[in-house]
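2 protein chains.
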Amino acid sequence: MDNFSFYNPTRIEFGTGKERLIGEILAQHGIKKVLLAYGSERIKGDGLFATVSASLNEQGIPFVACGGSVLDSAKAIAAGALYQEDVWDLFVGKGQIEAALPVFAILTLAATGSEMNSGAVVTNDDTKEKFAINSVHTFPKVSIVNPALMQTVSRDYLVYSAADIIAHSIEGYFTAKVQPKIQSRLVESVIATVLETTEQLLADPADYNARAEFAWAATLALNGLTYAGTSGFGYPNHMIEHALSALFNVPHGAGLSVVMPAWMKWFQGQNPAQFERFAQQLFGLNTAEEGIAALEKWFDKIGTPTRLSQLGITEADLPAILENLKGNARWFGLAETYTQDVLATILRNAM
Amino acid sequence: MDNFSFYNPTRIEFGTGKERLIGEILAQHGIKKVLLAYGSERIKGDGLFATVSASLNEQGIPFVACGGSVLDSAKAIAAGALYQEDVWDLFVGKGQIEAALPVFAILTLAATGSEMNSGAVVTNDDTKEKFAINSVHTFPKVSIVNPALMQTVSRDYLVYSAADIIAHSIEGYFTAKVQPKIQSRLVESVIATVLETTEQLLADPADYNARAEFAWAATLALNGLTYAGTSGFGYPNHMIEHALSALFNVPHGAGLSVVMPAWMKWFQGQNPAQFERFAQQLFGLNTAEEGIAALEKWFDKIGTPTRLSQLGITEADLPAILENLKGNARWFGLAETYTQDVLATILRNAM
Chain A
1 MDNFSFYNPT RIEFGTGKER LIGEILAQHG IKKVLLAYGS ERIKGDGLFA TVSASLNEQG
61 IPFVACGGSV LDSAKAIAAG ALYQEDVWDL FVGKGQIEAA LPVFAILTLA ATGSEMNSGA
121 VVTNDDTKEK FAINSVHTFP KVSIVNPALM QTVSRDYLVY SAADIIAHSI EGYFTAKVQP
181 KIQSRLVESV IATVLETTEQ LLADPADYNA RAEFAWAATL ALNGLTYAGT SGFGYPNHMI
241 EHALSALFNV PHGAGLSVVM PAWMKWFQGQ NPAQFERFAQ QLFGLNTAEE GIAALEKWFD
301 KIGTPTRLSQ LGITEADLPA ILENLKGNAR WFGLAETYTQ DVLATILRNA M
Chain B
1001 MDNFSFYNPT RIEFGTGKER LIGEILAQHG IKKVLLAYGS ERIKGDGLFA TVSASLNEQG
1061 IPFVACGGSV LDSAKAIAAG ALYQEDVWDL FVGKGQIEAA LPVFAILTLA ATGSEMNSGA
1121 VVTNDDTKEK FAINSVHTFP KVSIVNPALM QTVSRDYLVY SAADIIAHSI EGYFTAKVQP
1181 KIQSRLVESV IATVLETTEQ LLADPADYNA RAEFAWAATL ALNGLTYAGT SGFGYPNHMI
1241 EHALSALFNV PHGAGLSVVM PAWMKWFQGQ NPAQFERFAQ QLFGLNTAEE GIAALEKWFD
1301 KIGTPTRLSQ LGITEADLPA ILENLKGNAR WFGLAETYTQ DVLATILRNA M
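Which chain is which? The protein sequence lines are A and B, in order.
For the first sequence, my numbering begins at 1 and goes up steadily by one.
For the second sequence, my numbering begins at 1001 and goes up steadily by one.
Isolated chain A, as found in the complex (with noise of 0.2 Å):
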């Protein structure tokens, strides 16, 4: 087991009505002027948007409300505001962040994990490419997690988490050149999860109780838990699919589900204990073929994505996406394994 530090200093709120504390939590941090970014217009049609007003104006806590992409870009804004130079340059490793506006999440989607970690990602619309932030300064001061507020997120989105969440667990499990065995187990415990709360919810998306646990894998999924004490990982899976969402709009879920069962067809052979680990116990199968071959199909099963033709991706559109990746994989650190041909051939398994 590698020497790590664990450091996660975000407290998480969950459960039915903690969107209510939200003024309070304010007010005990001291914040007199709160910039309110949401996502989606869907929280003033279910009453969120509302029930947040309320709890401001108690507090007599005046605010002003913009939309976009929302946690990531929140984290941005927080760091960018002290920052005196152009905030790209804390994108792309010119400058560091020394301090940042205080950031409270409100759930309405159990995805990322961005709740309960340090990290931004925004993509520069102009050159369709993504960067990150990382910093103890980013951690939302307190993330509220009501598994209620999601059950209106459409069954695509459901499914497109559950790869997200997936995809999460595994870049690590499988590409760690130190890999505890408690780290697996606890990855595997996020997993199984997935696998089970997200037929629960497709059946009844009103089961709270499957919600709530699909959330809490969700953070846990990429709160910092389930990477201690690893090294030598990397992020293949989102170096792909970082191409196909900036060339070809596609949802970031989505693209993994396709991407995934295609990288692990060319990287199996490269860490074959683990893939039939993955296989035994998820699956209770045997051999790494049969483990990638059931994650496909549950992929398949409920409803998201396992072919670029899905996604409306040809042969046609492989130039570009090899030339976007030369970008991708020298940010990602991986342009030396991750060469043209190589990723010429993880993207014909998913054809």
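No wet-lab data here; the hints were simulated from the structure.
Heads up, a few of these hints could be off.
Capping the alpha-carbon separation at 20 Å, the derived lysine to any residue pairs in SDA-like fashion look like this [stated by the list, open to error]:
no., chain 1, residue 1, chain 2, residue 2
1, B, 1181, A, 276
2, B, 1141, A, 276
3, B, 1181, B, 1287
4, B, 1181, A, 293
5, A, 297, A, 320
Residues from chain A that face chain B, not an exhaustive set, calculated with beta carbons under 8 Å [as the list claims (entries may be wrong)]:
no., residue
6, 16
7, 20
8, 216
9, 228
Built from N, CA and C at the ideal position, the CB exists for glycine as well.
Please build the complex by placing chain B on the supplied structure of chain A, with the hints as guidance.
Frame of chain A; chain B shown alone:
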């Protein structure tokens, strides 16, 4: 899944050599003066005391040293130092902890999980009663967990620690009225790790990786992670064990390995599904009885007691134990269920 708050602001510094950072860490936290509480003279023999002294001297931080049962008493001292009345008020619910001096820990034994939680248990030597405090202010600021510092732990204390970690895991796992499956999976991950690494360490105490995974399992067993979203649980095994260690000076883990199988035999009918799951997931067996027998057999195998006689306790001692348990059961909030008759039944299971 029940509503919950999850907040754990303790930073963990894990791995070889981390204890050398203590001076720097204290300086970063603006600490000017230290009370160094240590548990055993072992740290003078193996060089840890020297390392810590040197690190503090390097930062110009003076300290006073004292011995005792360290981590929990450090938290008690931290809270009591800023409390105007008698510190015992805080333990018996007469006073509230509003503030505490900052606590920093360097672990030399992995068992209690106290390094990453806010609780402290102390014994009133006169009345033989145990009491606890719990406050957001008594989370250690930083805990250093270097598994290499645990290599000199005796064989006995290794196996007692294993029992302690398993007890922390199973109290909630079996008794909770609301027990989300994701939590059961995380608990099983912790227990499976202890089952495996304890045997590896008995075969080779210098196995750093086994020691590291054992240590991290100990931390995770009681840092709040496996209890999030659960409710209605109790600590009956700890309740019973506290009487044994108060009256007979029995090591905590040794008492627990006697109590657990005895308690399970009595309790299993109240949660048959979970006992079957325990047997299947951890031992590949089928029935509740088989799972309990397997755990008892494992305790025998690693050399931690499973019978009261091994602790020098006989039928003649029963009345005194039952008398002590009257107070304990009330304090643990379990008096209604754990009548004298029930407790006698459980204790006789251990004879």
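Subject >> Those earlier numbered hints the structure runs against, lowest number first >> reply: 1, 2, 4, 5, 7
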